[in-house]
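J.: Assemble the whole structure, with the sequences as input and the hints as a guide.
One letter stands for each residue in the lines below.
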Amino acid sequence: MTLAKRIIPCLDCDNGRVVKGVKFLDIRDAGDPVEVSKRYCDQGADEITFLDITASANDRSTTIHTVEAIAAQVFIPLTVGGGIRKLQDIRNMLNAGADKVSINTTAVLNPEFVREASDRFGSQCIVVAIDAKCVSAPGEPKRWEIFTHGGRNPTGLEAIAWAKKMVAYGSGEILLTSMDRDGTRSGFDLELNRAISEAVTVPVIASGGVGSLQDLVDGIIEGKADAVLAASIFHFGQHTIPEAKAYMRERGIEMR
Amino acid sequence: MTHVAVIDYGMGNLHSVAKALEHVGKRAGIPLQVSVTSSPDVLRAADRLLFPGVGAMRDCMAEIRRLCVDEMLREQVKLKPVLAICVGMQALMQHSEENGGVPCIGLFAGKVKRFDDHAVDASGAVLKVPHMGWNRVRQSKPHAMWRDIDNNGHFYFVHSYFVAPDAPSEIVGEADYPTPFCAAIAHKNVFAVQFHPEKSQRNGLQLLQNFLTWNGQA
Numbered sequence: 101m102t103l104a105k106r107i108i109p110c111l112d113c114d115n116g117r118v119v120k121g122v123k124f125l126d127i128r129d130a131g132d133p134v135e136v137s138k139r140y141c142d143q144g145a146d147e148i149t150f151l152d153i154t155a156s157a158n159d160r161s162t163t164i165h166t167v168e169a170i171a172a173q174v175f176i177p178l179t180v181g182g183g184i185r186k187l188q189d190i191r192n193m194l195n196a197g198a199d200k201v202s203i204n205t206t207a208v209l210n211p212e213f214v215r216e217a218s219d220r221f222g223s224q225c226i227v228v229a230i231d232a233k234c235v236s237a238p239g240e241p242k243r244w245e246i247f248t249h250g251g252r253n254p255t256g257l258e259a260i261a262w263a264k265k266m267v268a269y270g271s272g273e274i275l276l277t278s279m280d281r282d283g284t285r286s287g288f289d290l291e292l293n294r295a296i297s298e299a300v301t302v303p304v305i306a307s308g309g310v311g312s313l314q315d316l317v318d319g320i321i322e323g324k325a326d327a328v329l330a331a332s333i334f335h336f337g338q339h340t341i342p343e344a345k346a347y348m349r350e351r352g353i354e355m356r
Numbered sequence: 006m007t008h009v010a011v012i013d014y015g016m017g018n019l020h021s022v023a024k025a026l027e028h029v030g031k032r033a034g035i036p037l038q039v040s041v042t043s044s045p046d047v048l049r050a051a052d053r054l055l056f057p058g059v060g061a062m063r064d065c066m067a068e069i070r071r072l073c074v075d076e077m078l079r080e081q082v083k084l085k086p087v088l089a090i091c092v093g094m095q096a097l098m099q100h101s102e103e104n105g106g107v108p109c110i111g112l113f114a115g116k117v118k119r120f121d122d123h124a125v126d127a128s129g130a131v132l133k134v135p136h137m138g139w140n141r142v143r144q145s146k147p148h149a150m151w152r153d154i155d156n157n158g159h160f161y162f163v164h165s166y167f168v169a170p171d172a173p174s175e176i177v178g179e180a181d182y183p184t185p186f187c188a189a190i191a192h193k194n195v196f197a198v199q200f201h202p203e204k205s206q207r208n209g210l211q212l213l214q215n216f217l218t219w220n221g222q223a
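Quick note, the sequences are listed as chains B and Y, same order.
Just so you know, the first sequence maps onto residues 101 to 356 in this note's numbering.
Just so you know, the second sequence maps onto residues 6 to 223 in this note's numbering.
Derived by calculation from the structure, the hints in this document are not laboratory data.
Bear in mind that the values here come from a model prediction, so they are computed numbers and not experimental data.
All C-beta atoms in this analysis are idealised placements derived from N, C-alpha and C, irrespective of residue type, glycine included.
Some hints here could point you the wrong way.
[Claimed, not checked] Label pairs and their in silico Cβ distance ranges: (1) Y:Asn220 with B:Gly283: 52 to 60 angstroms; (2) B:Arg243 with Y:Pro147: 51 to 59 angstroms; (3) B:Val235 with Y:Asp121: 32 to 40 angstroms; (4) Y:Gly129 with B:Arg215: 30 to 38 angstroms; (5) B:Glu212 with Y:His8: 39 to 47 angstroms; (6) B:Asp219 with Y:Gly111: 22 to 30 angstroms; (7) B:Leu209 with Y:Lys146: 48 to 56 angstroms; (8) Y:Gly15 with B:Thr162: 24 to 32 angstroms; (9) Y:Lys146 with B:Asn253: 54 to 62 angstroms; (10) Y:Ile35 with B:Ser286: 49 to 57 angstroms; (11) B:Leu209 with Y:Pro185: 40 to 48 angstroms; (12) B:Glu258 with Y:Ile35: 51 to 59 angstroms; (13) Y:Gly129 with B:Glu240: 26 to 34 angstroms.
[Claimed, not checked] The calculated lysine-lysine pairs, modelled on BS3-like cross-linking and capped at a C-alpha distance of 30 angstroms, are: (14) B:Lys264 with B:Lys233; (15) Y:Lys193 with Y:Lys118; (16) Y:Lys118 with Y:Lys85; (17) Y:Lys24 with Y:Lys146; (18) Y:Lys24 with Y:Lys85; (19) B:Lys233 with B:Lys265; (20) Y:Lys116 with Y:Lys146; (21) B:Lys138 with B:Lys324; (22) Y:Lys24 with Y:Lys83; (23) B:Lys138 with Y:Lys31; (24) Y:Lys146 with Y:Lys85; (25) Y:Lys118 with B:Lys264; (26) Y:Lys118 with B:Lys265; (27) Y:Lys31 with Y:Lys83; (28) Y:Lys146 with Y:Lys83; (29) Y:Lys24 with B:Lys138; (30) Y:Lys118 with B:Lys324; (31) Y:Lys24 with B:Lys186.
T.: Quick look at the structure:
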């Protein structure tokens with residue numbers, strides 16, 4: 101008996117609506133993040149991640165209201181990411197009912213922000229999101245670099261060193277997305293995930309590329325992930341969370 | 006009407022636990038008032054106290070002392086049921102190793118210790134700290150607060166420190182990471198848990214519902 105591995109459905113939201121896939125699933129409650137969160141929670145999701153991808157980032161009030169509405173109905177952990185730039189943004193999200201915030205671009209622009217945030221709110225609620233892309237040539241030892249802005253902007257930061265630095269600065273968890281795999285449905289970048297997971301002392305969430313239930317198993321066993329994050333395999337109704345858990349449990353993974 | 010006061014000492018997310026209490030009150034048809042407050046008058050008038058906690062122990066204890074929550078608790082635990090959660094549970098001990106050592110409230114004899122950063126599981130993989138996620142809780146002793154909750158049921162944890170009470174008789178729940186640690190303690194009117202019932206879906210909501218009807222004194 102030990103700690104269970106986690107399945108985390110991810111909701112990408114634009115102006116308070118889920119935008120990745122869900123709209124094809126059920127027209128009646130299409131894309132309402134509160135409904136979608138509640139459905140996943142009832143199905144046995146271990147956490148929910150809510151990423152605000154609203155382009156006009158000035159007004160976060162929609163997001164705050166959505167987070168409040170989710171937190172009033174969903175009694176599992178809730179991580180909120182997107183547009184977290186100031187300590188007050190974190191305070192607002194935690195007050196709205198988020199348990200953790202995910203910090204991406206701001207961490208790259210100002211690593212000290214991660215230290216300030218974890219000092220103020222505790223490491224347990226600070227997740228650093230890392231978008232990494234393989235930059236080594238075929239045949240060379242693998243090397244991954246950090247990118248921002250959805251994989252468009254290179255930073256020159258090497259991924260393993262960056263992950264270790266973020267943990268030293270107080271990140272309580274790493275949300276690791278492979279930009280090479282994101283949206284491809286060809287499985288996680290297992291080498292990347294294993295390299296980061298073995299380099300840091302905090303939990304690592306594997307993200308980017310899930311196309312099948314076996315991909316989830318591989319992420320845990322070969323990628324050494326502590327949790328797996330997926331969107332489209334659940335949003336499109338390809339698989340349910342109970343199916344995923346049963347499949348993983350049959351392969352010897354401790355699940356809730 | 007039962008009145009639950011959630012002790013607000015400026016640390017962490019109190020919204021979740023207040024919403025969860027309201028949810029189970031409505032579900033169980035228990036007339037309920039939930040206050041989130043630091044007012045000594047309201048806390049003294051309440052029927053039950055919920056003592057939450059998130060964040061670093063040094064900051065928590067500083068606020069607990071500044072608002073005299075420690076004195077209020079010492080007096081109120083004699084009078085009414087108290088549920089402490091996570092850092093709230095840890096703050097009830099005498100001393101925590103966190104932040105280079107912090108004296109705590111001392112309602113329970115014992116210490117708060119950090120997980121070993123180099124512990125390995127059965128396969129030889131290093132265990133991550135914080136201990137974050139869903140783990141099974143063994144009900145080491147029967148207690149009214151465990152009513153309708155499966156033994157070895159899952160609860161959500163997120164913590165790097167755990168309590169080690171001097172009196173093993175106070176331990177009512179344990180989990181393994183990789184070795185057993187204390188997940189719940191109880192003594193008279195106090196029930197304290199390391200996990201987050203407000204984030205533990207069915208099992209956690211049941212525990213909160215049990216708290217609304219528990220008459221204390223075990």
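J.: Against each hint, give a clear statement of whether it holds in the structure.
T.: Going through the hints against the structure:
1. Y:Asn220 with B:Gly283: 52 to 60 angstroms: holds, 55 angstroms
2. B:Arg243 with Y:Pro147: 51 to 59 angstroms: Since the Cβ atoms of Arg243 (chain B) and Pro147 (chain Y) sit about 56 angstroms apart, the hinted range of 51 to 59 angstroms holds.
3. B:Val235 with Y:Asp121: 32 to 40 angstroms: holds, 36 angstroms
4. Y:Gly129 with B:Arg215: 30 to 38 angstroms: holds, 32 angstroms
5. B:Glu212 with Y:His8: 39 to 47 angstroms: Check passed, 44 angstroms falls within 39 to 47 angstroms.
6. B:Asp219 with Y:Gly111: 22 to 30 angstroms: Since the Cβ atoms of Asp219 (chain B) and Gly111 (chain Y) sit about 26 angstroms apart, the hinted range of 22 to 30 angstroms holds.
7. B:Leu209 with Y:Lys146: 48 to 56 angstroms: holds, 51 angstroms
8. Y:Gly15 with B:Thr162: 24 to 32 angstroms: For Gly15 (chain Y) and Thr162 (chain B) the Cβ distance comes to about 27 angstroms; the hint holds.
9. Y:Lys146 with B:Asn253: 54 to 62 angstroms: holds, 56 angstroms
10. Y:Ile35 with B:Ser286: 49 to 57 angstroms: Between Ile35 (chain Y) and Ser286 (chain B), where Cβ atoms are some 51 angstroms apart, the hint holds.
11. B:Leu209 with Y:Pro185: 40 to 48 angstroms: For Pro185 (chain Y) against Leu209 (chain B), whose Cβ atoms are near 44 angstroms apart, the range 40 to 48 angstroms holds.
12. B:Glu258 with Y:Ile35: 51 to 59 angstroms: Between Glu258 (chain B) and Ile35 (chain Y), where Cβ atoms are some 56 angstroms apart, the hint holds.
13. Y:Gly129 with B:Glu240: 26 to 34 angstroms: holds, 29 angstroms
14. B:Lys264 with B:Lys233: Distance of about 17 angstroms is within 30 angstroms: holds.
15. Y:Lys193 with Y:Lys118: holds, 24 angstroms
16. Y:Lys118 with Y:Lys85: holds, 28 angstroms
17. Y:Lys24 with Y:Lys146: The hint holds at about 29 angstroms.
18. Y:Lys24 with Y:Lys85: holds, 22 angstroms
19. B:Lys233 with B:Lys265: holds, 18 angstroms
20. Y:Lys116 with Y:Lys146: Given that 30 angstroms is the threshold and the Cα spacing comes to 21 angstroms, the pair holds.
21. B:Lys138 with B:Lys324: Roughly 29 angstroms between the alpha carbons, so the hint for Lys138 (chain B) and Lys324 (chain B) holds.
22. Y:Lys24 with Y:Lys83: holds, 27 angstroms
23. B:Lys138 with Y:Lys31: Holds. Lys138 (chain B) to Lys31 (chain Y) sits at ~18 angstroms (cutoff 30 angstroms).
24. Y:Lys146 with Y:Lys85: holds, 21 angstroms
25. Y:Lys118 with B:Lys264: Distance of about 24 angstroms is within 30 angstroms: holds.
26. Y:Lys118 with B:Lys265: Between Lys118 (chain Y) and Lys265 (chain B) the Cα gap is close to 25 angstroms, so the pair holds against 30 angstroms.
27. Y:Lys31 with Y:Lys83: holds, 28 angstroms
28. Y:Lys146 with Y:Lys83: holds, 22 angstroms
29. Y:Lys24 with B:Lys138: holds, 15 angstroms
30. Y:Lys118 with B:Lys324: holds, 27 angstroms
31. Y:Lys24 with B:Lys186: holds, 26 angstroms
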